[in-house]
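First to last, the protein sequences are chains C and E. Position one of the first sequence corresponds to residue 1 (my numbering), numbered consecutively onward. Position one of the second sequence corresponds to residue 1 (my numbering), numbered consecutively onward.
It should be emphasised that the hints constitute simulated quantities derived from the structure, not laboratory data. Among the hints, a few may not be true.
[Unchecked claim] Straight-line C-alpha distance at most 20 Å; calculated EDC-like pairs for lysine to aspartate or glutamate: (1) E:309 / C:239; (2) C:216 / E:308; (3) E:309 / C:92; (4) C:216 / C:154; (5) C:64 / E:308; (6) E:309 / E:65; (7) E:309 / E:77; (8) C:160 / C:239; (9) C:255 / C:42; (10) C:160 / E:197.
The structure displayed is predicted, hence computed values, not measured ones.
Residues per chain, in single letters:
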Amino acid sequence: MKMTRIALAATTAALFSASYANACAVDGSGLSILSAAFPAVEALQDESAACGAATERDQEHKDKINAALSANPAVYNAVLGANSTFTSANSEGLVASITNVPGVAELPTSMKVEQDGEVVAIAVGANAQHLMVRADVLEATGMDMPTSYEEVLELADAAKAAGLMDYPLSGTYAAGWNLGEEFVNMWQATGEPMFVNGTEANIENAAGIATLNMMKELSSRMNPDFLTFNSDAVQAQFEQGSAGIANLWGTRAQKVIDGAAALGVEVVMGSAPTLGGGSTPASTLWWDGYFFAANQSEEDLARAVALAIDSADADMLAKGDNMSLFVWMMDSYEATPAAAGVFATAGNGVPAYPMYSHMGKMHTALGAELPEFLSGQESAEQALADVVAAYNAALAE
Amino acid sequence: MPHRAFFAFLMPSLLAMVLFILLPLVSVGYQSLFSPPRDIEVMSEICSTNFLTGVRSCEQTVAIEKVEGPNIFRGLDFFCGRSVLACDELATGWAENTQGFGHFWSKTVLNLPLYKAIGFTLFYTIITTPFILVLGLIVALVVDNLWRPLRGVTIFASLLPFIVTPLVGSLVLFWMTDNTGGLLYAITNGLAFWADDFSLRASPQATWAVIAVYGVWHVTPFAFVVFYAGLQTVSQDQIEAAMIDGAPRIDRLRYVILPHLMPLITFVLLIHIMDAFRVLEPIFGFQAAANAQSVSYLIYEHLVLQADKRYGSAAATSVLTILMVFILLLPVLIRTWRDFRVAAR
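Bound conformation, chain E alone (with noise of 0.2 Å):
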């Protein structure tokens, strides 16, 4: 093709990635780094009259008065705030303290809200994706097994928690928690040897357990589907001239499947490590904000949950995200590239 044509084909989809990607994030990393001139206080007093007492009460307030202005370099201040990376918190916490790292860790790094969030963030990224990929290639191996006229029926059965709403979904699965009598609740509850006051939504521990339990059995489907996909490409001759060599079922997946699934493995690895990694909705659902914080419920909470928008907290946070997810890619990455350049050569 020539390059004037492959360009002409091109054109709408860089069009579209500049305006729809490439945009928004050179205008987050703006706002991490700018912000509007500081408004101005003035006092002012409000008052307010009981209905029944009919006692008026004045409260003494600051009221805002907005000044106009081009926006303010404000370097890593947002960066470095409290809510953010906490600089200053973390310096303070290190020269107090006296009792070792580990004194550090849990009551000065693990005490702020971004470094709480990045843990549980990573916690349910590390813990989903291995249950995810096995779980996704057992269910797929199970399917492509099956009679066939019970697939059609298992696949639209098996692809159900995918398709329904994350918010949904967790929603289901919290009332399942219930401690007046939800079933997991009951099941985990026996398991426990019906301890007292057992529940699985008042301890961190508990609560993250759920919510990874969620995240695979949210996520499976896709998986499932994918690989599910791969197993009708299988070459039969390569399966045949396996048998024949008399390899047994183990090492046909071992030996020929798995490598062909290969690539699909990758793509549903980065594709899931880029999803868990800005896990919202379950947070919500489970109504998990006290023991459980995301980093994506972090920006939602500067974002909306606050009375002042904090734009700055919020796109600091946005950009480290990115940050974030893309070294956690950067292994599956190099891989691909690598590939790449074996298969161009």
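Excised from the complex, chain C in its bound form (with noise of 0.2 Å):
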């Protein structure tokens, strides 16, 4: 495990330095940088507002990152995203090589994302849906912590019978990206690649099937409402007590400790369970982090990285809780017990959240018509030709 790989000195000198302004090792006056705004990517933003850039944190910032980098130069020179939004944002050709920026070189493998062999991001954190289960329900069933899908639902119907809840089980099932995302997960432990020559949809076939069905059995022993479930949802049944087991974020983990231990109980973290006899876990390994704007000068380009560089070191990690916030990838960072989960499900070689450029049309289509099939008023064979159709129509457009 990486708790092992403390870089001391470089914690320690963070501890000790003198100021705020020495930490400053770059100039960020005139700089500009975009995120989303949960505490992890905020704290980055704190490290290099304090060195002068302009952070501008905002959850919808999906929505400006193509319109903002199109412009010349650039309203931002880096954005704070994550695989999705880069995706979107490299498929344009907005995005930054930065190979042979000073610094880029040195960095930890994990945190390089490459593009035909050159750097195109700086991934800082990792976050993976994975299993939480509470630890009352695996003790009043006498169960071990599942690793399969077929167990959880054995898990699930054992907790209802033993009276424990109504629905122990839940999860993020809710229409749009959420149900779409919860297709990918279970679709990657089939093993099969979503897509062949290219661009052509690969789902209506026997994966997709298996996929869709353990989907409608995992959501028959859900609260009816699922369809309306997102993460917020999921992480309140945690802290209401009405769910003890989901495939729920990494990000949720901490908040799913600390509301179970308001009432009492404990939340035992794992790896996200497989499907089927295989052994790739049903979940995607995302990251976040900084992609560069294409259209912005060499002398912003180089210092816009080094900030980013010096904004993810060690010297942030030792603030505060900023530790536990995320996975972090930098390698002063020491685990804290709610990454558990990510880290099982990283170990089990979870695959990443597939980088195409036409994944958020299949993504789109997935959550727009899986719905008609959960809620029965669909088969399955229809619900993945509607996909497929949408899918189609969106990529021809």
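Hints are included, so try docking the two chains, each in its own frame, into the full complex.
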């Protein structure tokens, strides 16, 4: 585990550095960085702002990125986004290659995202959906932490039979993006490619049916309102004690632990389950990180990269509870208990969320066309055919 | 007033209408027919490394190379696309259908996003309208007959649902439908005799009904306040004359008050039909996208939820929305025009 890799020297240096200004090796004045607004990225943005950069934090930032980076010079020098937003900007040719920018070569391999051999983004944190189960559910049923979705079904039935909760199982099945993500997660566990011949959809097959059938099995054990459950709702169910089993985002783990602690119970964090005897966890690995506008001068690009690297350093990790906000990719990161699930999932070889330019269209089509299957109005075959038709329509436009 | 002076007065509003109404309409119409040239797709390879196992995974992906150039005329491409009118899908569905029109209707037509959305939008518009008119009138009459010192407070309280932002209002009602203790849920579940797995969020029927209830709750105050204002202008002489003639309350309402309010009823009808047809916020507030999508929601989906904006489909759907609103309003417009002609004569 990474826990052993404590960069003691760096941490000590950060703790004893004389003043904030001294920690700023880079002058950020005149630079601007766009990001989302959850605690982990805000911690990074605070570092950059302290060095004089303008930082814009906006949960709806994904809607701005491409338009802002299309301007010349771009409105932002850097974006602190995720693999989804990176893919969308990159497919439009708006992202700069930073291979030859000073400091990039020295970064750990896992922080370098590459395209055709060129470094195009700096990943700073990892996120994945993984299994969270309340310890009392395991105790009352006498079962072990499930490793496959088949075992999850058994555990859910046993927990219900034990009378612990009406609907022990929950999941982020809200129609739209969340549901699309659940399908992608489950699909990854089948090991089949989602596309063939470039952009041709490859989901109308046995793997697609198996994926949908497992989703249906799971959702039939959830509260009947499952098609409205986003991450907030599932987290709230853990906090209220109305759910005890879910495959939820790593960034929610700390909140789920805290919420359960308030009810006097513990939560066990484990790897995302497998499907149908496979070995790949049914989840996707996401990275959050910096990518840089192609439309800017070389000097600005070099400064923006230097500022990003300087913001995501041991210095930042040592401040407050920053260490527990994320599964950071920096060498100086020490894992906290909340990170155990993401570590287990990554250790089991979870694949990265696909960074195809056409993936967004597929994801949207899945989120829009699957609800009718899950609510029993449509067959699995029909639902998959509808997804492909919607995807092809988006592709043709 | 001389024509010159009339035009001088009218000019600023005409200009504003051209700028803010006509030009956007023309632009939407243009965008539904034209698009930038298609991008060239090139293969490239993207790699990332699993931070824990150190395994590098690479993917062949299609990157896009932008093509500069004048816009291309796409004809009815966008209108006929699956996300809009779905001409090909309808044609194939009809040709392959062997089980009668009902089967074609439910399996092909209602399986396509726009027709599904039109279904819900029409339902919402048609169901809410009579309730809003009748309830608005009842509330207005009640308040008008209320003891005077109580009126101010009552008017304010009755207006609240209309003042609350739609998104917030629908969220409040959404929470009340929660099946772990929402008030609305408890009441309706009681009426359903404590059925197992009863839910106000899981089926299209329940979702549609809840959103319609929200719509009536939200817009009734608007109808009420308009009708209440109208009631203040009813001629007391006419009312008194009717009373002297021995007309009971119901007849006074029917023969004096309602005819007096008729223009206002038409006004509320017009505004509400236009408003209802672009229903959007409750779908977010009620997390209802699985069971109810409106035409406006489809436009939003094309423009915002898509990773790549689908301006063509969005513009085509917008043009169709305008057409559909116009068709819905036609009876009311014709009636208004006829009244106007009669009045002018």
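Do the hints match the structure? See the list:
Distance hint between residue 309 (chain E) and residue 239 (chain C) is unfulfilled; the C-alpha atoms sit about 37 Å from each other, more than 20 Å. For the proposed pair residue 216 (chain C) and residue 308 (chain E), the alpha carbon gap of about 29 Å is over 20 Å, so the pair is violated. This hinted pair checks out: residue 309 (chain E) and residue 92 (chain C) have alpha carbons roughly 12 Å apart, not beyond 20 Å. With a C-alpha separation of about 15 Å, the suggested pair residue 216 (chain C) and residue 154 (chain C) falls inside the 20 Å cut-off, and the hint holds.
For the proposed pair residue 64 (chain C) and residue 308 (chain E), the alpha carbon gap of about 12 Å is at most 20 Å, so the pair holds. Annotation: proposed proximity of residue 309 (chain E) to residue 65 (chain E) holds, straight-line Cα distance about 16 Å (limit 20 Å). Taking the CA atoms of residue 309 (chain E) and residue 77 (chain E), the gap is about 16 Å. The hint holds against a cut of 20 Å. As the CA atoms of residue 160 (chain C) and residue 239 (chain C) are separated by approximately 18 Å, the hinted pair is consistent with the 20 Å bound.
Restraint check for residue 255 (chain C) and residue 42 (chain C): the C-alpha separation of about 17 Å stays at or below 20 Å, so the hint holds. For the hint pairing residue 160 (chain C) with residue 197 (chain E), the CA-to-CA distance comes to about 14 Å; that is within 20 Å, so the pair holds.
Checked against the numbered hints above, the structure violates hints 1 and 2; every other hint is satisfied.
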